[in-house]
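Put together the whole structure using the sequences plus the hints.
For the sequence shown, the positions run 220 to 706 when this note's numbering is used.
For the record, the hints were derived by calculation from the structure and aren't laboratory data. Since this is a predicted model, take the numbers as computed values, not measurements. Please note: incorrect hints may appear among the correct ones.
[Unchecked claim] Straight-line distance between alpha carbons at most 35 Å, and here's what the computed DSBU-like set of lysine-lysine pairs gives:
#1 675 with 690
#2 600 with 675
#3 483 with 585
#4 675 with 585
#5 585 with 652
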Amino acid sequence: MKSNCINRRDFLRRIEAAAVCSLAGNALMPSSYAATLAQPLNIGAGPQLFLDDYLIASQSHLERVSQHPARAASPVVTGPEDHNYQPYVSVIRDASTRRFRAWYNVPATPRTASPSHLAYMESDDGVNWQRPHRVLENPGGLEFRYGASVLDEGPDFPNPARRFKLGWNWGNFKGAESEAGLMVAVSPDGFSWTPLATNAPLVAHNHDINNIFHDPIRQRYLATLSTTVPALDGKGKRRQPVQSFSTDLIHWSETWPVIVPDEKDAPRFEYYAMNGYLARGGLLIGFAKVLQDNLPADPGGPNAGIGYSVLTWSRDGVHWQRDREPFLDRNPAAGTWDHAMSWIDCQLPVGDEVFLYYAGYARGHKIERWTERQIGLARMKKDRYVALSSKQEQGTLLTRPFLLPAGKLTINANAAGGEVRVRLLGEDGQPMKAFGEGDSMPITTDSLAAEVRWTKSAEALRGKPVRLEFKTRNAALFGFEFHSARE
Numbered sequence: 220m221k222s223n224c225i226n227r228r229d230f231l232r233r234i235e236a237a238a239v240c241s242l243a244g245n246a247l248m249p250s251s252y253a254a255t256l257a258q259p260l261n262i263g264a265g266p267q268l269f270l271d272d273y274l275i276a277s278q279s280h281l282e283r284v285s286q287h288p289a290r291a292a293s294p295v296v297t298g299p300e301d302h303n304y305q306p307y308v309s310v311i312r313d314a315s316t317r318r319f320r321a322w323y324n325v326p327a328t329p330r331t332a333s334p335s336h337l338a339y340m341e342s343d344d345g346v347n348w349q350r351p352h353r354v355l356e357n358p359g360g361l362e363f364r365y366g367a368s369v370l371d372e373g374p375d376f377p378n379p380a381r382r383f384k385l386g387w388n389w390g391n392f393k394g395a396e397s398e399a400g401l402m403v404a405v406s407p408d409g410f411s412w413t414p415l416a417t418n419a420p421l422v423a424h425n426h427d428i429n430n431i432f433h434d435p436i437r438q439r440y441l442a443t444l445s446t447t448v449p450a451l452d453g454k455g456k457r458r459q460p461v462q463s464f465s466t467d468l469i470h471w472s473e474t475w476p477v478i479v480p481d482e483k484d485a486p487r488f489e490y491y492a493m494n495g496y497l498a499r500g501g502l503l504i505g506f507a508k509v510l511q512d513n514l515p516a517d518p519g520g521p522n523a524g525i526g527y528s529v530l531t532w533s534r535d536g537v538h539w540q541r542d543r544e545p546f547l548d549r550n551p552a553a554g555t556w557d558h559a560m561s562w563i564d565c566q567l568p569v570g571d572e573v574f575l576y577y578a579g580y581a582r583g584h585k586i587e588r589w590t591e592r593q594i595g596l597a598r599m600k601k602d603r604y605v606a607l608s609s610k611q612e613q614g615t616l617l618t619r620p621f622l623l624p625a626g627k628l629t630i631n632a633n634a635a636g637g638e639v640r641v642r643l644l645g646e647d648g649q650p651m652k653a654f655g656e657g658d659s660m661p662i663t664t665d666s667l668a669a670e671v672r673w674t675k676s677a678e679a680l681r682g683k684p685v686r687l688e689f690k691t692r693n694a695a696l697f698g699f700e701f702h703s704a705r706e
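Below you can see the structure in the form of C-alpha cells.
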C-alpha cells in the first residue's frame, strides 16, 4: 500500500523545532536549545498549570500531589441494556442544543468479537441517557472493527458536510500491517458517515486501537495508534502507542513512539492506548490506559488482567510525559462493576467541572466482554489535575520569566483554611513597587479563579518580562491565568 505520509525530512525538521519547549528541565537537553529556553516565555492565553516544572524557576516546601476524580457508583452506558462491549466512547456537548451526545461500540449480530457497529445515545445532563440506543450504519458500508472516536468542529465549521469526524480501526490486524489501520469518515450530523478512503487504511498499524483528536494549539489533527512490540522481559508482545499528525485527515506524517515502559515498570506492564485529550493553555492533557494482563483483580483469583489510567501531557504535541501513579485507579471494592479496570477514554468540560468517561471491567480484561465492559463517569474540578501543596511551613514558588499578557490575574487554588499571597517581580526577580505581597489581599478561599488585585494596575507592564512569586500556607495551588478584558 502506498503511504499517505508527509515528507520524512520535513517531518523530522518539525519534530526538532517542536522539541525546544518540551525539553525544559530535561537533563538530556541539547546545549543548542539553551539560548532559546533562556528567553522569557510567551505564555499566551489560557490556564497555566503546574503539571511539570516547565513554568517553575524554583520552589521550596511544596509537594506535588496528583488529584483523583470522584466516580459515580453505577455505569452510565451499560453492557446488558445498552450493549456496550468495548472501552471506547466519545461524548460531546452540542453547541446548539446543549444536549450531550455519545458514540460507543456495540457488537454485530450475532455477537462476535469483530466486527462492531457504532451506537449512539443522547442526554440532557451527561449522566442519565435516553434509551433505547440507536445503531448507526457503517461508513460507506465498510467493515467496522473497533473505535468510537468522534470530533465535533462546531456549527461554524467552514464545510458543514464535514463538521463531524469519526476515526475507527479497519481491516485484518493479524495479517499484513498494510491491511489494517486508521480509517476516517466525515458527517454533517454525526449520524450518516462518508469515509475519506474506502480501499486501504489512511495510516497502517499492526494493532486494533486508534483515535483522532483536533489539536487547537497547532491547528492539526493528531492520531494515536496502537502497535505491538516485544515485551520488556522478551516474552511475547506488548502494546505501544504511536502518533501521527495531519492537516487534512488524508495525508499523515510518519508515526513516532509516544510513551514507552522502562526498567521501573513491571515486565508485563504495557500502555494499551492513550486518549481523552483536552487542550488547556499550552498543554495537551490526556490519559494512558495501563494494562497488566498477568495479574488478578483479587488475590487468588484468575490472572485475567487489571488496568488503570495515568495522566499524560505534552507541551509541543509531539513529546509526552506521564505520571506513574494511577490518576483513576480501578475500584478497590471487590464485586464492583469497575473493580478490575478503569480506563479513561474521554474528557469533556462541563461548567466548572470536567466529566471523565471511562471503561470499567468487573473481573478482568477478557472476561465476559458482552456484559462486563461498561462506561462510567468520574468528575473533577476544572484544571485540578496536579496540586502544589504546602502545610504549616510556608511554601514558595517562583516562575520563570514570561511576557506579561493583558488582563486580570486569577489563580486556581484551594486556600480554605490557609492562604496564598502573590507578588509580581521583574525579570531579575527583584520586587516592583505596588506589586508586592503587601499590595494585595491574600487568597483565603477555595476558588477556580480567585482574582489577584494589587494597588496598581499592571497594564503598563504588558509585554514586558516579569515573574510571579507565590507564597502559600496550608493551601493547594493548581495554576494561574491572565484574562483579557472580553472574558
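Hints versus structure:
1. 675 with 690: holds (20 Å)
2. 600 with 675: holds (31 Å)
3. 483 with 585: holds (26 Å)
4. 675 with 585: Cα-Cα ~62 Å, so violated.
5. 585 with 652: violated (64 Å)
Violated hints for the displayed structure, listed by number in ascending order: 4 and 5.
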